[in-house]
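Trainee: Take 1 as the starting number for the sequence shown in the UniProt record's numbering and just add one per residue.
Simulated from the structure, these hints should not be mistaken for laboratory data.
Keep in mind that a hint or two might mislead.
As the list claims (entries may be wrong) - Straight-line distance between alpha carbons at most 25 Å, and here's what the computed PhoX-like set of lysine-lysine pairs gives: (1) K29 - K164; (2) K29 - K187; (3) K129 - K211; (4) K187 - K164.
Stated by the list, open to error - Restraint-style ranges between C-beta atoms, simulated for each label pair: (5) Y157 - I94: 31 to 37 Å; (6) E32 - V75: 21 to 27 Å; (7) V84 - N175: 20 to 26 Å; (8) Q5 - L177: 48 to 54 Å.
Where is the CB? At the ideal position from N, CA and C, for every residue including glycine.
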Amino acid sequence: MDVLQLLVSGLANGCVYGLVAMGFVLIYKATEAVNFAQGDFMMLGAFICLGLTNPQFMGLPFWVSVPVAIAIMGVFGYALDLVVLRRMSGQSQIAVIILTIALGFVLRFVAGLIWGHEPISLASPIAGKDIRLGGVVLGMDEIMVIGVTLAMTIALYFYFNRTKLGVAMQASSQNQLAAYYMGIPVKRIQSLIWALAGMVAAVAGILFASKGSIDPSIGLLGIKSFAAAVIGGFGSLPGALLGGVIVGLIEPFASRYIAAGYAQIMPYLLLFVILIFRPHGILAQVHQKKV
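Sequences are here, hints too, so could you generate the full structure?
Mentor: Written out as structure tokens, the structure is:
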């Protein structure tokens, strides 16, 4: 029973890591840039939902606040690419990476300025509720995290493989010049991918906030999610989810069966091993670009 309890808890955390990791992969596939502010997108989405929901702020119903917060993060991601990142066109990828790192610091500062640095709880209708199956206690929040992540993964798969816009996004990520010559508005597509990454991060943030209190420092979970993306295979959406689940499972089992102090280092130790023996990740997607 103890193992099953750890398994569910690890899966729930791993799903959050996987969703943030998907944001990394989406942006990398489209622009070949790494958005190190992706974890801070998650944090901002959680705080926006909290601000809309909690009575001391706006007091909207939870199920109204969730789609509004996701939409706001979509607009934020689109505007960020439109106003800021397009101006970086022609600059080195290092410059873009440094920009996103600086953006992360700014977002954490702004969140602290508005909501403070003390942990705050999201007024979620499922918080504190659980289901008992024999000797196992399953939190409704953990079940929702796992269920929503599975639903989003399936939705993203069908979106990228069954819709015109999704196929256009894939074509743009494979070869921007060829996509442009085929009439695909590459710049607009990139902005839409930043919007999609912002929306996915918002979902991850809301799910994370539903499990407990949040503060601006949760944006730093993006570093762990980046490790998950690399472990799973940087460039693979299923790999991002797989890497997130692996990282999420390693932590509780390492804390329980090795020592609590090793839980935080184990994901990075696994990353170290993966980079040595399988540098492209578990579900590597290595291909040559067509020219």
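Trainee: Run every hint past the structure and note whether it holds.
Mentor: Okay, the hints, checked on the actual structure:
1. Between K29 and K164, the direct Cα distance comes to roughly 17 Å. Compliance with the 25 Å bound is thereby established for this hinted pair.
2. In summary, the hint linking K29 to K187 is supported, as the alpha carbons are separated by about 14 Å, within the 25 Å threshold.
3. The straight-line distance between the Cα atoms of K129 and K211 is roughly 10 Å, inside the 25 Å bound, and the hint therefore holds.
4. As the CA atoms of K187 and K164 are separated by approximately 16 Å, the hinted pair is consistent with the 25 Å bound.
5. Checked against the hint of 31 to 37 Å, the pair Y157 and I94 passes, with Cβ atoms roughly 32 Å apart.
6. The hint said 21 to 27 Å for the Cβ distance between E32 and V75, and at roughly 24 Å that hint holds.
7. Distance hint check: the CB atoms of V84 and N175 are about 25 Å apart, consistent with the given range 20 to 26 Å.
8. For Q5 and L177, the hinted distance range of 48 to 54 Å is satisfied, since their beta carbons lie about 52 Å from each other.
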